[in-house]
Every structure is written in structure tokens, then in C-alpha cells.
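Chemist: Knowing the structure of chain A, use the given hints to seat chain B on it.
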Amino acid sequence: MSLNHNLNLKFSSMHRLQWEEAQQKEVILYPEGMVELNQSSAEILKLCDGSRQLAQIVDELEHKFQTTGLEKDIINFLEDALKNGWIQQS
Amino acid sequence: MAGFNKANITPPRWLLAELTYSCPLQCPYCANPLDYSHYKQELSTDDWKRVLIQARKMGAVQLGLSGGEPLVRKDLEEIVKHARELGYYSNLITSAYGLDESRIIALKEAGLDHIQVSIQASSEELSDYLAGTKSFTHKKQVAHLVKKHGYPMVLCVVIHRKNIEQMPQILTMAEELGADYLELANTQYYGWAHANRDLLLPTKEQFEIAENIAQEFKKKVAGKMKIYYVVPDFHEDRPKACMNGWGTTFLTIAPDGVALPCHSARELPNLNCPNVNDDSIKEIWHNSKAFNFFRGDDWMQEPCRSCDEKEKDFGGCRCQAYLLKGDMFATDPVCSKSPDHHLINQAIDAAKENSLMIDEKPLIFRNRKNSNSY
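Protein chains in written order, with our numbering: chain A, 1 to 90; chain B, 1 to 374.
With the rest of the complex left out, here is chain B:
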């Protein structure tokens, strides 16, 4: 953007490699794009190796191996091995579905640093319902195996209205499984979660009760388990510092090779996100239109432009501004200074209203059939 000094561009530190959009689960809050089924091409093993080399050379060090379900890729071990040789710290972000002990060992030998297992709820019935696949018992077995083989075990539970009242049981489950880290990820409303927002967004009271329980637990397990708490930004009055600032730290590569400044940026119009099949990571990071689009603050409108907090939250999330207001340049409506803040209150009210209805509309599960309709 005009006025932004390119000399100020910092190198990527975090590379999120979305290896595939294929997934045996159907979670209705999935962050993948609604129309994921239209992207059928996947990068080859050699493409991924090239991406890893180029990003590492620039300074990327944390590598997230995600999807979809990354275990679907038969070359996962080969990619992990390559990442280890380059010096990445590699994080496997998985549903654990289909993961067995021999593969846990093979991935360890390849140099995988940690496995993050997601479980949908603390009860089998709800977890299997949300996953759209019978998987709860197997996930718990995998969590034990991850510990057994000396990985740091991160348990991730995405929190929303369907499971938020299970918070005490979720925390007990994390303790029983011996989690080293527990990620309590309040749902962020993009992709499928946006489509299902009326059914997933908890009330403010539910958030407050759940957060208090989680904070008490955090004190109790201090020194034994670390808690990552992803804040529920719809109930905050300042927006999150999304991605630590656009094009400063995070680089996502989608399964088909499209490079994104955040994993939801595919939803934004006219960004013309570049593809690693056409350009190098260095070219993409420094010179592409998409990565420069929201760098610096020249793009900002009021009230962000003259706000003394703009260095702190960078105007919040561009995708959220687009999804809620239809204007990706707007102040994130989460901010109480935003002229569009009423949109957040409307969303909260609509969700509450929906929860009181006798015939609550059904969740839209993330699967190929539903994706084809977008």
C-alpha cells in the first residue's frame, strides 16, 4: 500500500501448512472455507518440500501441519522428516481419527515435535454427534498413546453453546488424559462456524460462568498443565490483534498452494491471493498484492485511523469486518468504538433467540455434500 515502507516487513515466523481439505470428521465449526469441495488440486510432496525450504530460509520456525485432517496425507512422515531436517518445530494438529500406535512411532522417528489432539466434548454422545463420526473413544486412546511416546500432549477443545456447559467435565477429562497443554478455543466465527453461528454462539452469562471455572482450574493446575484460552471476541469490547498484524508473522498455505495472510483470508474479495506454484515464498511475502494489502495503517478508516490503540490491535480482524459488515476495510465490529458494534449485539441476540426456539434449526455439518451447495 502506498506509504508503507517495505523495509519494515518482518519475516514469517509461523507457517501453517493445510495439507488437505479431506477430513473424516464433519465439525460444524470448521475453519475451512464453506466451498472447500471446489478446490480439488493438492500440492505434491515435492511442492511442500520446496515451500518448507523457502519459508525456513526467510525465518519461519513454527510449523503447523493441519487440514482438513493431515493424517489423510500418506506422505505426512516424509514431510515431517524434511521439516525436522530444516530445523522447524513441527506441530501436528489432528482429529486423531485413524491414528494408531505404529504411525505415532513413525512420526516420532521422523522428528515430529508435538501432537495436538482435538476432542469435541466431554461426553461420548455429544462428541460423536459434533464430529459427525464415531470417534470419541478412539481419540482418548490416541491421547494416551501420544503421552506414552513422549510427545508433549496438547488437548484442544473448541468451545461453543453445545458444549460450554460441560466445562467442568472437559477440565476433568484433560486432567485424566494427562494433557500438558489444554487449548480452550472459544469458537471464532468464520467458515462453517459463521454459517452455524446462531446455533453455536453462547450467551454472555454462559461465557462468564465457563471462564470463571476455567480460571479457577488454571490456578489449580499451575506448574502441571498450561492453559491456552482463546478469547471469545464477540463478548469483548476491543478486537483481537488478529494474526499479530497482517503479513507480519503468519503464513498459511492452503491445500491447493494458495498463500494466505490468515487461514480465513480466502473469504475476502479481490485479494488475488498468490499460489506457491507460481511464485516463491519470498516473492509472495514481500511483493504480492494480498500480503501488502493490510500492512501498515494506510488502509484504515475512522475510527481506527485516529485511534491511539491502532498499534495494539491493528483494527482487529479483516475477515470479521467483511463477514459482518460487508466491508473488509471497516473497523472490526467487535470494537465498542465501531459504528457497527450493534451488529455484534444483534448476532448475540439472534443466537439467544434461536436457542429458545422449540424447533431450533439444524446444524450444517462440514461435509462434501453441504460444501457442494456453496
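Isolated chain A (complex conformation):
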């Protein structure tokens, strides 16, 4: 499955995204496992709430961090996220 730019992206109900105070990090939790996220990955995933497509996520993050040219990195991360089952498209 590859990333479809025209579908809404939603964080998977089979995983949990959570701030861990002890680690000072956002993490993804799933059966018997945990992935620690860096800040940019966490920011992307938090926008995957089922109401946004790729272009909106890029716009919002570029606006939030006052920068441009984020699209390629965001696409790369979302493709990994899709492959790992962290997000779904609808």
C-alpha cells in the first residue's frame, strides 16, 4: 500500500500515541511494543486525525514552524507510518 495524497489520514485505532513524562517523548504503544518518536514525527502523527490530507498536514506544519520545503520529509515519514500500520487512509 502506498500513500495516496487525496485520502484523509487517521492514526490507527490499533495503536496509542502518548506523551511519556519519564522519557520526555511522545511514543507509539502497541501489543508488547513501543516506538519512541522525535518531535517532528510526533507533530505529523498528531495531525493524522482523519480530517486532513497530505497537503493540509504539510501546510499546517510549515506554518507552525515558519518554514518551507517540508513535503518530502513528511511524505517519507508517512509512507513508513503506513507500512508500520500506525496510520490508515480513508
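Calculated from the structure, these hints are not laboratory results. Virtual Cβ for every residue (Gly too), placed ideally from N, Cα, C. Certain hints may be false.
No farther apart than 25 Å at their CA atoms in a straight line, the calculated lysine-lysine pairs in the PhoX-like style are these [to be verified]:
(1) K83(A) x K147(B)
(2) K25(A) x K81(B)
(3) K218(B) x K83(A)
(4) K10(A) x K226(B)
(5) K108(B) x K10(A)
(6) K148(B) x K83(A)
(7) K57(B) x K25(A)
(8) K147(B) x K10(A)
The following label-pair restraints were derived from C-beta to C-beta distances [to be verified]:
(9) N244(B) x A55(A): 53 to 63 Å
(10) Q301(B) x K10(A): 48 to 58 Å
(11) A22(A) x N354(B): 44 to 54 Å
(12) S90(A) x N354(B): 47 to 57 Å
(13) K46(A) x E302(B): 46 to 56 Å
(14) K10(A) x K218(B): 45 to 55 Å
Modeler: What follows is chain B alone, placed relative to chain A:
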């Protein structure tokens, strides 16, 4: 241990709560101690809540609710609810025996994150025989209900000589049940599995055939089902990095409140494992003799001490060194660099010999009667 810098102690991430040693099943490879029937005291609901609070405060986030059979505890929902409020990701590790739809719903409402259902084999006859209890059909029904109620469904099958040749059928069963994760757990030889090793340890050929089938399947279901493959360390030439290093990540609390650096550590002599009724989790994790015993590498003997792989596998498993060599400080005999590696080959040969005997000795099932004799 002398020389180990306590400032290097990492916080626990994984808390395994063994809620009870009671279990309606009798699996002959159970990881519980052989003498489990001697430990009759169980922590109360409030004790468990206190343990959860203390461990969470230190950074524990993955919670395994196990046993025995955790469903035996009538306060399971209350414990799950408390865990959810504290922010744990809670994993129910169950035989599914006695689990019905109303309890699956109640546990979901309490905040349970996932249910791992174990099935003993792909055929009813063998599964019920290994479980010592008629349970196969019910387990499959529960697996469907777990899916129906939106849990990630983890199917766990413990692999050994009695079922390893069912590997293709086990994989088909996992597909039919719609498992999101399949744990193919090659038996680890502790507790009851150690006592039954001659009857359970497969040959190298059996492992290789089964592993190839599993690897092919893994490619086929990529993106749909994740496979956790617990490696058969008797057929490896390097030991496992047991528990990710002693006292670094894992904390097990036994039903009677004894805190263990791994769920088999109760088998080790003179560790004086502390009890949560006497000390806080923080005190236990940082200052107890048991949790500091194999931290760092000052305890190591040769060949581990000068080995350039000691940071990778931490000398392997202490319980395995003790069970096989009688010396918990020894290099894990699984390692081909170990002077005791022949013990592994002897175990493999003894198991093979046993499998060829006309009158194979009987399995020792895990039950109270058998436990009382240890």
C-alpha cells in the same frame, strides 16, 4: 555490585504482573516455577494498585497482566481500569479459558488495550491434550470475539516437538482467526518446560523446516499480520540478550508480591528477591541485592569478561547458566564460546534419543498435584 555506577540505572519500562498462579490449564511448558503450589498468598487489589502507581511513576509503560490465568482474579477489571487511568498500555496474556463476551466488553470499557490468546496447537485433539483441559473450540470463539470488539488480536502458539510439525496448519489457523499479530514462541526451557525438555525439544531439522515455513508466511502476510518469532536459542550459537540486560528494562511481580528481574529468577539461589509488601518499587529497583546482582559486567567470568560481544548479549541468560551448569555466573552454555557448550548438544541428543524410544516417558503436566511434589 562493586564498580557498577548506580547513576547508570535505567528505569523499568515493562511491568509483568503475574496476578495469580491459579490456572485451569495444565500446559507442560508453563514458565511458572515447579513449586508454584507452595506460594499461596496473593497480593490484594490495593497492593496491585500501589505497585502500578509506583512503577508508573518510575517510567513503566507496558503492562503485562499474566499468571497463571489472570481471568481467575475477580478484580481484573478494577486493576485494568486503574492501569488505564495511570497511562499504562495493558496487555492481557490469557488462555481465554472461561472468557465470555460480557467480560470482553467489561474489560474494554475498563480500558484494556489488547488481548493475547494462546492456543496450544492447530488440531483440537492435540491442543486439548497439551492444555490438559477441553478448551480448543472455546479459545477459537474467544479469538473471534476479541476481534469483534476492536482489540488488536495477538495469537500466541508455544512451539515444541509435539506441535512443530503442525506449523503450516498453525499459520492457516492464525489467518482464519484474523490475527493482527502471531507470536510463534519457541519454548524456552525454564520451569515446567525444563522438567519436560526431553519430550519438548525439537531436532535441529525440525526447527529449520518450521522456521523456513514461518519465514515464507511472514512475507506472504506482510502488511496484514505481524509475526513475533521467539528464537529457539538451543539451536543458536550466541545467547539471547536476556531481558535486555538484568535490571535494565523488565520488572516481574509474582502473585505473592516477590519482585523478580525476570520471571524465572525465582529459580536462582540466594538472590533474596524482595517483596513489594516490604519495600517500594523504587527501593527494590535501585537498591535491592537481587536487582543489582547482575547489573553491569563485574560479575562476569571468562570467556564473557574479555568478550567483545558482552555489550550485545550480556553473557546470555543467568537462569539457563544455572539450570544447565549449576553456576549462575557462568557464560550461557548456548554460546559456542562457552566451555560448557557441550551441555546444549547433550540436551539436543538426549531429546532426540527420547523421541525414538518406543515407550517415551510421559509429560509432567503443570497442576497442583505435580507441583506439590517439588
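Chemist: Now, for every hint given, state plainly whether the structure supports it.
Modeler: Hints, one by one, checked against the model:
1. K83(A) x K147(B): holds (21 Å)
2. K25(A) x K81(B): holds (24 Å)
3. K218(B) x K83(A): Holds, because 14 Å separates the two Cα atoms, which is no more than 25 Å.
4. K10(A) x K226(B): holds (20 Å)
5. K108(B) x K10(A): Judged against 25 Å, a Cα distance of about 21 Å means the pair holds.
6. K148(B) x K83(A): Roughly 24 Å between the alpha carbons, so the hint for K148(B) and K83(A) holds.
7. K57(B) x K25(A): Holds, at about 15 Å.
8. K147(B) x K10(A): Holds, at roughly 20 Å.
9. N244(B) x A55(A): 53 to 63 Å: violated (41 Å)
10. Q301(B) x K10(A): 48 to 58 Å: Cβ of Q301(B) to Cβ of K10(A): about 53 Å, so the range 48 to 58 Å holds.
11. A22(A) x N354(B): 44 to 54 Å: At 48 Å between Cβs, range holds.
12. S90(A) x N354(B): 47 to 57 Å: Cβ of S90(A) to Cβ of N354(B): about 55 Å, so the range 47 to 57 Å holds.
13. K46(A) x E302(B): 46 to 56 Å: holds (51 Å)
14. K10(A) x K218(B): 45 to 55 Å: violated (26 Å)
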